[in-house]
Amino acid sequence: MTKASRTYASTRLDHQLVEIPASARNDMRVAARVFADDYLWDQIRRDRTIDQLVNVATLPGIETPALAMPDAHEGYGFPVGGVAAFRAGDGVISPGGVGYDINCGVRLLASGVPMTVVRPHLAALMHELSRRVPSGAGRGGHLSLERDALDGVLARGCRALLDRELATPDDLAHTEAGGALPDANSDAVSDRAKHRGHDQLGTLGSGNHFVEIQQVETVLDSAAGTAMGLREGDCVVLVHTGSRGLGHQVCTDYVRAMDAVMRREAIHLPDRELACAPFRSPEGQRYFGAMCAAANFAFANRQAITHAIRAAFGAVVGGDVTLRLVYDVAHNMAKLETHGARQLVVHRKGATRAFGPSHPETPARYRTMGQPVLIPGSMGTASYVLVGTDEALDRSFGSCCHGAGRAMSRHAARAAQPGQAVRQSLANRGILVTGAGNRELAEEAPQAYKDVDRVVDVVHAARLARKVARLVPVGVLKG
Amino acid sequence: MRASGVVGTVPARHDFVAHTAELALRLTADTPAELCAEACRALGLLVMAETGAVPPTGADLERTILVESVDAEALLVDLLNELIYLAETECWAPRTARAVSWQPDRVVLQVAGARLRAAPSRIKSATHHGLALRAGPQGWEAEVIFDV
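So the sequence lines, in the order shown, correspond to chains A and B. The first sequence: position 345 = 344 (numbering that gives the first Met the number 0), numbered continuously. The second sequence: position 34 = 33 (numbering that gives the first Met the number 0), numbered continuously.
Worth double-checking, as some hints may not be accurate.
Interface residues of chain A toward chain B, partial, derived using beta-carbon atoms under 10 Å [to be verified]:
{"no.": "1", "residue": "Y7"}
{"no.": "2", "residue": "Q51"}
{"no.": "3", "residue": "E73"}
No wet-lab data here; the hints were simulated from the structure. Where is the CB? At the ideal position from N, CA and C, for every residue including glycine.
Using the sequences and the hints given, assemble the complete structure.
Written out as structure tokens, the structure reads:
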């Protein structure tokens, strides 16, 4: 049994938003808000998500409010599904507020061909994908990088893969930040982190990471769907992974380093995992540089996997299928952003940036509709494509949910249904799963997650993002 | 899952307890030193459950692990992160562990370990979330959350 949060004073502001006032606990600096309908609010309160959100609201330099998305659940330090913005001048940056899988994120590829073209090759395609995209336990992928090459990826992200012909200019144009964060500092990434990551480019990792072959079930916004190349019945590919061991080590290194800074700065926190440093301090800047470098590694990782997926489609389905990148979004990141007159360090931990049509960082192709927002469900349930809104800038620092969000512990999920039963149930629905053992399948079973349709309904109704298309899985390569 | 090591008057033991998204490890032992040794054994079991271990052809590979940190709680987390690093980069995980010395900011352990069949990738890191090392009625206790 997971432990529930304390009960805090709260007010429902509307059907999708609950506020916990800054007076609810005496160390809160700002109010906290949770985007949730009544059902999800009840679900979110069953673990320590709200305690963790209230803890975030105590951090120095936080702008009001601290936020949780409708997919929020208990994490460590910050809740997963949390968004917190800190003033660049007197606020902090927190490695735990980004998480260990720096720039874990999602990208969507549109094939432009109906699923009927791909379906006859599905088993062979999944086999080829599992051969070309290493997943789960096992050291390394097909790209082992020497130190200089790795430093190049850390500094230049996807641009470094352009030189190796593993990316195209169109890919970079449709990746958040062009797939290369300019503040990256590869010198701030430890030798240990580089050692962990040097042969992991192009690998999925474990847990909830995946490559999914999906079918566009419904297009809900035809103009946006057309701009993205999404037609009902078409085959698309969704990729979910991050910065692998390199990013994990960067976070590990800097949580440790921040511990010392907090003593010096006399910052007292309700949870040690919230370890942070003033953004403008040398340590804060050094972490920011290392985090950006790890984020570049993650962008490049998803790009290397994209290259492998294209090769697999070419080998199995044929050369006529061109997998065009619709968009690539991060959901574990701290970014320096301008919001009105304010410079803010926006931490999104298990939350997606959702900029609207008027934002200058929205790619030209989507300038009339907003940045694509990709919301994966769990294997066996739907995923969604949405677009960001200008209202999200005011309501959520331009942020949206990142998935369905776990509702059940891994232990409870294993107890609820054996992995073999999960596999059979998915097979009965025509969903082919490869790459995962029964234990992993049980832990990632659809019922372990919240109802993604309900979660997406909340962000749509709250005007954080607008629905464009609903996707359903056909083939799953699990990490 | 529950397991125990034969040390002290109360057997050191560990449990993996429910957490919505991550993995929580609860440790109990007679002394903080034994708690660290039990943490090694627990981490070893965790990664070997993911990857499997190569059957030993002789004695387990033994190594001395020395970790220094700012205090006893951070020391435990840093020790676990050292073992996660060794598992991922050297495909090695503890099978048995013995504390040679322990101070709140420094621990030395003699650890015999197994070669893993593959590098594990499930455990990303041990975190400081909610961490406390305290003396309770059952001995020394700690709970560590792993990011998985």
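Each hint, compared with the structure:
1. Y7: Constraint on A:Y7 not satisfied, violated at 18 Å.
2. Q51: It holds, given that the least Cβ distance between A:Q51 and chain B is near 9 Å, below 10 Å.
3. E73: Nearest chain B Cβ about 4 Å off; hint holds.
In this structure, only the earlier hint numbered 1 is contradicted, and the remaining ones agree with it.
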